[in-house]
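Student: Read off the chains here:
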Amino acid sequence: GQQVMQIPQYQHVQEGEDFTTYCNSSTTLSNIQWYKQRPGGHPVFLIQLVKSGEVKKQKRLTFQFGEAKKNSSLHITATQTTDVGTYFCAGPKNTGNQFYFGTGTSLTVIP
Amino acid sequence: DAGVTQSPTHLIKTRGQQVTLRCSPKSGHDTVSWYQQALGQGPQFIFQYYEEEERQRGNFPDRFSGHQFPNYSSELNVNALLLGDSALYLCASSLVFSGELFFGEGSRLTVL
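Line by line, the protein sequences are chains A and B.
Residue numbers for the first sequence follow our numbering, beginning at 1 and rising by one.
Residue numbers for the second sequence follow our numbering, beginning at 1001 and rising by one.
It should be emphasised that the hints constitute simulated quantities derived from the structure, not laboratory data.
Yeah, the Cβ is synthetic: ideal placement off N, Cα and C, and Gly gets one too.
Please note that the accuracy of each hint is not assured.
To spell it out: a stretch of chain B is covered by chain A in this simulated footprint if at least three of its residues, at any positions, have a beta carbon under 8 Å from a beta carbon of chain A; those stretches are [what the hints assert, rightly or not]: (1) 1041 to 1051; (2) 1101 to 1110.
These stretches of chain A come out as covered by chain B in the derived footprint (C-beta under 8 Å, 3 or more residues) [claimed, not checked]: (3) 35 to 49; (4) 102 to 110.
Sequences are here, hints too, so could you generate the full structure?
Tutor: If you want it as structure tokens, here you go:
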């Protein structure tokens, strides 16, 4: 079945350092979404990428969708303590909007 | 504008019991999806309701069932609870043709 894997599982960075998490799917995705879940909280939608090779930026966050639409990345520049949380990618099954969530990357930012 | 609301927030059950969790979607949303999130894991899709019907289902046994009401609110029922059903149950609402999911705070179920 379809699987969405993320690496790394955990990442500790000093405040001000950059951070990247990678998402890989076993199948081609029509689109990919990214969510952030703060400790003790619920997932919050960040962005959706649809086009092959698409790159989108939100302030210090840069999202990229691979050319083959099977992988994606989230890069955070100059991390802040407010960036702490788990970042999930999510891809839809076939053409529906049933989303498979990745395994997540837990980010810890050391002040 | 209220977001997605879920109840109860926490509950404790024993093995073999049954539980019902409730969800009110974000105003204007017509689709409700339910996810199970075990500790340290990503959300796992249970099923999705649209127009009061189960439209899609993940890899969960028939012990997991649901319902959507005319006002778009939804319930998740789990019968014959197992220890492994202990998890955070998340409800997410969306528009049927829009992928963005709005999650509620979740219902944390502990099965003893």
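Student: For every hint, state whether the structure bears it out.
Tutor: Quick rundown of the hints versus the structure:
1. 1041 to 1051: Satisfied; 6 residues make the cut.
2. 1101 to 1110: holds (count 6)
3. 35 to 49: It holds: at least three residues are needed, and the stretch 35 to 49 of chain A offers 7 whose Cβ sits within less than 8 Å of chain B.
4. 102 to 110: That given contact holds, which follows from 3 residues of the stretch 102 to 110 of chain A lying within Cβ reach (below 8 Å) of chain B.
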